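Undergrad: Sequence:
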Amino acid sequence: MINLSVVVVNWNTRDLLARCLDSVYPVTQDLEVLVVDNCSADGSAEMVRRRFPRVQLIANRENLGFARASNQGIRQSRGQYILLLNSDTEVYPGALDVLVRFMDEHPRAGGCGPMLLNPDGSLQPSCHPMLTPERELWRLLFLDRLFRRATYAQERWNPDIPHPVDVIKGACFLLRRSALDQVGLLDETYFMYTEEMDLCYRLLEAGWQLWWVPQAAVLHRGEASSRQMAEAMYVQLYRSKVQFHRKFGGGWRAARFKGLLQVAYWPRLAVAIPGGLVSPALAAQAHTYRRLLAELPRM
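Residue numbers (my numbering): 1 to 299.
If you are wondering where the hints come from, they were derived from the structure by calculation, not from laboratory data.
What you are looking at is a predicted structure, and each value in this text was computed from that prediction instead of being measured.
Just to be clear, a hint being listed does not mean it is correct.
[As the list claims (entries may be wrong)] FRET-style restraints, in silico, Cβ to Cβ:
| # | residue 1 | residue 2 | range |
| --- | --- | --- | --- |
| 1 | Ser178 | Ala41 | 33 to 41 Å |
| 2 | Asn3 | Gln215 | 13 to 21 Å |
| 3 | Gly94 | Gly43 | 26 to 34 Å |
| 4 | Arg256 | Pro93 | 28 to 36 Å |
| 5 | Arg19 | Arg256 | 39 to 47 Å |
| 6 | His163 | Glu134 | 17 to 25 Å |
| 7 | Pro119 | Arg156 | 33 to 41 Å |
| 8 | Met130 | Pro53 | 21 to 29 Å |
Just so you know, even glycine gets a beta-carbon here, dropped at the ideal spot from N, CA and C.
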């Protein structure tokens, strides 16, 4: 069996994808790389065929979303470990070897993730506690800075010691095939966002461990480039979070989560509306908050 399968889902990120693939191949592992292209219009598939003939390319005729596309790659892969890797990442030398070695040495680890870095070298959130309605409220009201249970203070963690965590960020997530065989693949009813948290929840419930391994480092451009999230994506993020709560906590927990979102977002809207008279950015935020609050009851 191949030791490592790298699955990269791509949608219109040709140049970033090329840099990602260039960074993967120096690893010493016996590996295969699968790129699942979600009907890109920027020549991504042609670039992979031309520059990376070793890559197994799955070229979809429509955008299937992250979960379905990832599962396509997982089902076609052969490695005992499967790495879900975003196309906007670059793997630092030795990082994948470190992650695989950690999994070899920790048989109860169902998955692990590296230290993610922004392009300027600063630390990017790579993991977080399991989502609860209360933690989301603390975060939105900026109380997570006072109550550290709402988030992880990764900047205070020893960078030489792996840490057990609840959720690994999906930008770079190494998974054990036998763990996936037990709990199942990504839930394809999520079109975008929260898929990895859903999977992490199921892994933890089944008794597997999840670890942050900071000795491995990966550059991730997404956090820096998507701070001004498009309105539709912002709403989709919360639609997926509501779906997560409904799936694992029932209708009551989903309703409580939506209620707490209203507690957090009505004050934000009240600030953004007058601010939008002088700031285009605040005007855009106000429009996004209005749309989110309007769609919440239907989520």
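Undergrad: Which hints, by number, does the structure contradict?
TA: 4, 7 and 8
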